[in-house]
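Chains as they are written, first to last, in our numbering: chain F, 1 to 228; chain Z, 229 to 713.
These aren't lab readings, by the way, just hints derived from the structure by calculation.
Being a predicted model, the structure only gives us computed values, none of them experimental.
Any given hint might turn out to be false.
What the hints assert, rightly or not - The list that follows gives simulated cross-link-like pairs (lysine to any residue, SDA-like), each with its CA atoms no further than 20 Å apart:
no., chain 1, residue 1, chain 2, residue 2
1, F, Lys-171, Z, Ala-580
2, Z, Lys-303, F, Glu-140
3, F, Lys-171, F, Val-105
4, F, Lys-192, Z, Asp-584
5, Z, Lys-303, F, Glu-186
6, Z, Lys-300, F, Lys-159
7, F, Lys-138, Z, Ile-632
8, F, Lys-46, Z, Leu-596
9, F, Lys-192, Z, Val-544
10, F, Lys-138, Z, Val-544
11, F, Lys-159, Z, Lys-574
12, F, Lys-93, Z, Ala-580
13, F, Lys-171, Z, Ser-591
14, F, Lys-93, F, Leu-73
15, F, Lys-159, Z, Asp-584
16, F, Lys-159, Z, Tyr-576
The chain contents come next:
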Amino acid sequence: MSDDTTNVDADVLDGADGDTARTSLWPGDSGVLADGSRRALLLLLKGPYLSGVERPRSWAALLADERAIRSRLHELFLDLIIDRDDEFAFVRKASTAEFEAPATVRTVSLTFLDTVMLLVLRQAMLAAHGERRVIVGKDEIFDQLRVYDTAVDPVGFEKRLNSSWSNMLNKLRVVHTSGSGDERVEISPVLKLLVDDDRVRALEAEYRNIAQSDEPDAIELDLEWSER
Amino acid sequence: MTALSDALRYQRLVESDAAMRMLRSDGVAIVAALLLTHLGAENRRVAADDLYEAIDADLIELREHFDLPRAKNAKAYCADWREAGLLTRRAAVESRGETLELSPAALAAIRIVDRLEAPTTSLTESRLASLAAQLHELALESDPDATRRLGALVAERERLDAEIARLESGGEVHTIEPSRALERVADILEQAADLPTDFARVRARFEELNGEVRAGILDGDDSNTTVIDDIFRGVNLIESSDEGRTFVAFTSLLLDPERSATLESDIRSVLDREFAGGLSPAERRVLRSFLRTLRDRSTEIHGALTVFARSLRRYVQQQDYQRERVLRRSVQRALAAAVQASAHTKPYRQTAIDLDLTALPLSTAGELSLHDPADFAAPATLDTSEAPVVDLEALRLLARETEIDFDELERNVNAAVADGPATIGELLARWPATQGVASVVGLVVLAVRHGDVDPSSLERVEWTGIDAIDRAAQIPVHRFTERIS
């Protein structure tokens, strides 16, 4: 461990002394990562994930320089998740147990329809039988969600569907357009790890809670208040 | 009774088969033409966006002659065709987006249309001869009786010996008549035309098998472990299926260096024969690229097979399937619970579930730039000025300065070719370039469009620039031979 530290120090000193060409990219640059590794780091931070297929060079840099990049991310209270088989990597809030870390990435609370849509998307990934890229149509997903429309207002439900859809696209970024407009999207491989068995079980528990909290009046009141 | 059962069977086919549906539809002419133009022949797999663009361009022209719904664009048509099972969609390998290609059904339907348009007389002598030969061979190879087989082989040898003896004693070489040779080529090409359909069908079948194997693993319980054991032991389930074995035998024959060299040289000799002059350029091309097409397509399918096998093995070895089994059940349970919950909540109500984003919102004060009021200062008031009266002659001169005067050049060319063919150099000698280099460029453009170019010889062309300086250049000889209308 102490060896590691000295090595890093030596590297930094090297950079400052003579071998500036290796890490210093512009006058006054004090960064210690190589050009490719910095690009990989930036791609990871900008999210939603770094794809080895789409960006082979940054992917190679990430694998070669994994330790240093992971350490840079730790300094931001972030953790690096790498899926070597499917060739993608992304950042996640570091799990810090008792230690309280500031939140670097935003946490988004999900609406009921958002959660169901995530499940349906995850199911579509399972049904794709190991295809590397899973592309689905908006219609297919919407059709599966219509069972959850209990209101008497189909137009309103369609609006909700669309707003959840744009959440998936723009806010959560778990799907992205595949080139032919928003109607067909590629499901981000990250969803595989974001919606794992634990999370699905948590969702199921939440649904059971909702089903038991049979206070329709209170809910209505609550809604009217929140919509105003 | 048999008629009824046949009728019922055919009715099911007519209703369910995508090729039949395509042939029965009103727009079959347009569908077949568009699909054949953009997905037939060599460009078999096209990026969805490129296909939409190409078809949209065609639709504009088609609308002038056919009564097509105005609002419907290529994307909507392709969606319909995909729905009807005529197009197959695949995620592109290298890029984002998807590709489209013809499904086996569409290929079959287009073949039928083609065959109706250019009927091949199936009662040819060559067809009968090859049928007879194949039957004879089959009878021979499936005969369990050694004596009879031996007898047939001896008879064959005697026939060959007699032929050898005849030729050795200076007998005349009998070659097949050109017309019958052409007939045989047509017959071979007819069979070759079925190959794309076969390839598409094989690939579709392999994909289906892959899905079936995976679904079997995912659905099965642990008591049914043979499939999983097989994959564990490295058995390629898809390759060892009936279809897989046929295909592997096909490719190994194709990749056998000796066999494919023989095939290649045979094709070359056939093309060198005198009768081959009677073949159309398209037929010659098909023959010439026959082996390469076969290799390309089978390499591609072989690649798909390998990918399936590798990912199946990983799926089993890393126990992904067990995780997926558990997860699938969890997802189903959760979705069922959600149905119950939906009666007690609104779709837009927040749940207690959070999701961490995997991206950082990056913003810094550094990206702000100062607002400079001067950038938005109102400009001075504009004066209105009267438009002067235009001199038409001046306008004409102005136009001549900016445009090549093709009218003049075409007039000169037409005047020259009235006395026989003329090169650009000869033309310039008779009518000096009035617009300098622009006239020369104009002549070259016209020559490329209407004349002959001989890139092997050069000629010197001379002109006087607008700046009154004489210039010259070497260009390939361009020759005008006929009038430009």
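Now for the hints, and whether the structure bears them out:
no. : hint                       : result
1   : Lys-171(F) with Ala-580(Z) : holds (18 Å)
2   : Lys-303(Z) with Glu-140(F) : holds (17 Å)
3   : Lys-171(F) with Val-105(F) : holds (12 Å)
4   : Lys-192(F) with Asp-584(Z) : holds (14 Å)
5   : Lys-303(Z) with Glu-186(F) : holds (18 Å)
6   : Lys-300(Z) with Lys-159(F) : violated (25 Å)
7   : Lys-138(F) with Ile-632(Z) : violated (53 Å)
8   : Lys-46(F) with Leu-596(Z)  : holds (19 Å)
9   : Lys-192(F) with Val-544(Z) : holds (18 Å)
10  : Lys-138(F) with Val-544(Z) : violated (31 Å)
11  : Lys-159(F) with Lys-574(Z) : holds (13 Å)
12  : Lys-93(F) with Ala-580(Z)  : holds (19 Å)
13  : Lys-171(F) with Ser-591(Z) : holds (16 Å)
14  : Lys-93(F) with Leu-73(F)   : holds (10 Å)
15  : Lys-159(F) with Asp-584(Z) : violated (25 Å)
16  : Lys-159(F) with Tyr-576(Z) : holds (10 Å)
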